[in-house]
Amino acid sequence: MSIFKKLLTFSTSRKSAKVARERLQIVVSHQRTEGGDADFLPKLRHELLTVICKYVKVDRDQVNVQLQRMNNCSVLELNITLPSPQEQQSYDDIQVL
Amino acid sequence: MTKLESKIVVITSGKGGVGKTTTTAALGAELANRGHKTVVVDFDIGLRNLDLIMGCERRVIFDFVNVIQGDANLTQALIKDKRSENLFILPASQTRDKDALTTEGVEKVLMELKKEFHFIICDSPAGIERGALMALYFADEAVVVTNPEVSSVRDSDRIIGVLNSRTRRAEQGLEIKKHLLVTRYAYNRVQRGEMLSVEDVQEILAIPLLGIIPESTAVLHASNQGVPVTLSGSSDAKEAYRDAVARLLGETTKANSQKSWKKLLEGLRLFSRSHV
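If you're matching them up, the sequences are chains A and B in order.
Here the working numbering is used: the first residue of the first sequence is 19, the next is one more, and so on.
Here the working numbering is used: the first residue of the second sequence is 43, the next is one more, and so on.
For the record, the hints were derived by calculation from the structure and aren't laboratory data.
Fair warning: this is a prediction, and the values are worked out from it, not measured in the lab.
You may find that some hints are simply not true.
Computed footprint of chain A on chain B; a stretch qualifies when at least three of its residues, placed anywhere within it, have a C-beta under 8 angstroms from a C-beta of chain A [as the list claims (entries may be wrong)]: (1) 193–199; (2) 203–212; (3) 235–246.
Don't be surprised by glycine CBs; every beta carbon is placed ideally from N, CA and C.
Please work from the sequences and hints to get the whole structure.
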C-alpha cells in the first residue's frame, strides 16, 4: 500500500514542476508580445497617427502598432491600411481647396 | 578623472523576498575579499535593510538621501566595513520616501562613487516603482535574482524587459549585460519534480546563468549575525556565492563552465542527501 501511495505522490508531484513550467511559458510569451514594458506605446501610436494623417487619409482603426520582444532585440511593427486610390484622390482635392 | 575601470551592477528581481539583499551583501563582500574596492548601495528608501544584513545598523549616521540633498557629503555617509579593507556601505534613508531619489541626484552620487570604487553594487527594492527604476537606470550589468517558483520567474521576465528598455544603456542603444542567479534552490525537490529546475528557469528567461545558490540554513544564520554569507563560516551557500563572483569577474571560461556546473550540481546532490 505504501508503495502504491508513494507512486501516486511521485506522479502527482512530478507533475507540479512540469505544470509550473508550462504555465510560465504561456504567461511569459503573452507578457512579451503584449509589450508589457512599453507604456509609451499608446502615446507613440497617437503621435504616429497625427503625422500620418497630415499626408494620407487613414481610418484611425486601420493603424496597428505592436512591440514584440525577442531574445536580444525588440521589433516595432507598424501596420497601416491605406485607403483606395479614389478615396485618396478626393482627400487630396479637399487638401488643395 | 581616474583611469580606474569601474562597474555599476544592479541586483534586481521584481519580486520581493527572493534574496536581493542577501545577494548584494554576499557578492559585495566576496568582491572586496578578492581585492576589489567595492561599495554596496541600498536603494530601498524607507525600508532599508542592507545595513542590518551587513551588520552596521548602529553605525548609520547619514544616508543616501542626505547626500543627494546636500545635507552630508559622501565621505560622511559611507560606512567602512570592519571586516574587510575594501568594503563600504551606503545606507538608504529610513524616513524619507522614494521620491527623494531624483535622476540627477542618483547620477551625481554614482558618478562620484565611480571615481573611488571598482564595483558599485546597487541593491534594488522590490517592484518596478521609482526606487527600483532608479537602482537599475545607471547600471552596466544586472544580476536577476530568481527563485525557482512561478511568480518569481514571471516577475524576473518583466524586470528583464525593463532592463532592456528603461536603462540609460538601453536609451543609448547599448546592451546591458544580464546574469541569472537562481536562489533557494532545493536539488532534492527538483529531482522529485516538485520544483522548477535551473534548466527550466533558464529556458524561460533566456539569459546566461551566473550561479545557483542552494536553499541553506547558513543564509539565516549569517543574517541573524549581520555577516554576509561569504564572510561567515564555510557553507554550501558561501561556496555557491564565491563561484558566482568568479563568474561575474569572467574567470570561468565557457569551455569549462559546463564541467563546473556539473560539479556544483553534484555537490548539491550530496549535500541534499546528507540533510534529508
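Here is what the structure says about each hint:
Restraint check on the stretch 193–199 of chain B versus chain A: 3 residues with Cβ-Cβ distances below 8 angstroms, three needed, restraint holds. Only residues whose beta carbon comes within less than 8 angstroms of a beta carbon in chain A count, and the stretch 203–212 of chain B has 5; three or more means the coverage holds. For a cut-off of 8 angstroms, the count of residues in the stretch 235–246 of chain B with a CB near a CB of chain A stands at 7, and the three-residue condition holds.
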